[in-house]
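**Q** Sequence:
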Amino acid sequence: MYIAKVIGKVVSLTKHQAYNSRTLLLVKPLSLLNEVVRTPTIAVDYVGAGEGDTVLVGAGPGVAQEIFQIDNAPIRELVIGIVDHFDVPDEILDQYADLPT
1 MYIAKVIGKV
11 VSLTKHQAYN
21 SRTLLLVKPL
31 SLLNEVVRTP
41 TIAVDYVGAG
51 EGDTVLVGAG
61 PGVAQEIFQI
71 DNAPIRELVI
81 GIVDHFDVPD
91 EILDQYADLP
101 T
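Residue numbers for the sequence shown follow my numbering, beginning at 1 and rising by one.
Note that these hints are calculated values from the structure, not bench results.
Small disclaimer: the values here were computed from a predicted structure and weren't measured.
Take the hints with a grain of salt, since some may be wrong.
As the list claims (entries may be wrong) - Calculated pairs, DSS-like style, for lysine-lysine (alpha carbon to alpha carbon, straight line, at most 27 angstroms):
| # | residue 1 | residue 2 |
| --- | --- | --- |
| 1 | Lys15 | Lys28 |
| 2 | Lys5 | Lys15 |
| 3 | Lys5 | Lys28 |
| 4 | Lys28 | Lys9 |
What the hints assert, rightly or not - What follows is a list of derived Cβ distance ranges for each label pair:
| # | residue 1 | residue 2 | range |
| --- | --- | --- | --- |
| 5 | Gly8 | Leu33 | 20 to 30 angstroms |
| 6 | Val10 | Glu91 | 34 to 44 angstroms |
| 7 | Leu93 | Thr14 | 42 to 52 angstroms |
| 8 | Ile70 | Asp90 | 38 to 48 angstroms |
| 9 | Ile92 | Ile70 | 33 to 43 angstroms |
| 10 | Val88 | Ser12 | 32 to 42 angstroms |
For each residue, glycine too, the CB sits at the ideal point set by N, CA and C.
Model the full structure from these sequences, guided by the hints.
**A** Written out as structure tokens, the structure is:
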């Protein structure tokens, strides 16, 4: 799992049937310092998130099968929560301050 910021919506008229009736969001993964840590990715929305929301993304094989009961769906990233805020002690944040992003 990781924290990300929703930066847009992906619209696709022609797509795999597993994506029918599902909202696709463009999300950028964030560090604990709220900095972008890698390129944006696409995640299926499960909670009604919108642009600008900070979200919790679950990632891994079998996500769609477990949540949506869809066998062999090409869904790897799933928005599973909207984050109101997160609190991290300063001593933990200090460990991340010098890491490259």
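**Q** Could you run down the list of hints and mark each one as holding or not?
**A** Hints, one by one, checked against the model:
1. Lys15 x Lys28: holds, 22 angstroms
2. Lys5 x Lys15: Within the cut-off at roughly 24 angstroms; holds.
3. Lys5 x Lys28: holds, 5 angstroms
4. Lys28 x Lys9: holds, 12 angstroms
5. Gly8 x Leu33: 20 to 30 angstroms: holds, 22 angstroms
6. Val10 x Glu91: 34 to 44 angstroms: Because 38 angstroms falls inside the window, the suggested range holds.
7. Leu93 x Thr14: 42 to 52 angstroms: holds, 44 angstroms
8. Ile70 x Asp90: 38 to 48 angstroms: holds, 43 angstroms
9. Ile92 x Ile70: 33 to 43 angstroms: This hint holds: roughly 37 angstroms between Cβ atoms.
10. Val88 x Ser12: 32 to 42 angstroms: About 36 angstroms separates the Cβ atoms of valine 88 and serine 12, which means 32 to 42 angstroms holds.
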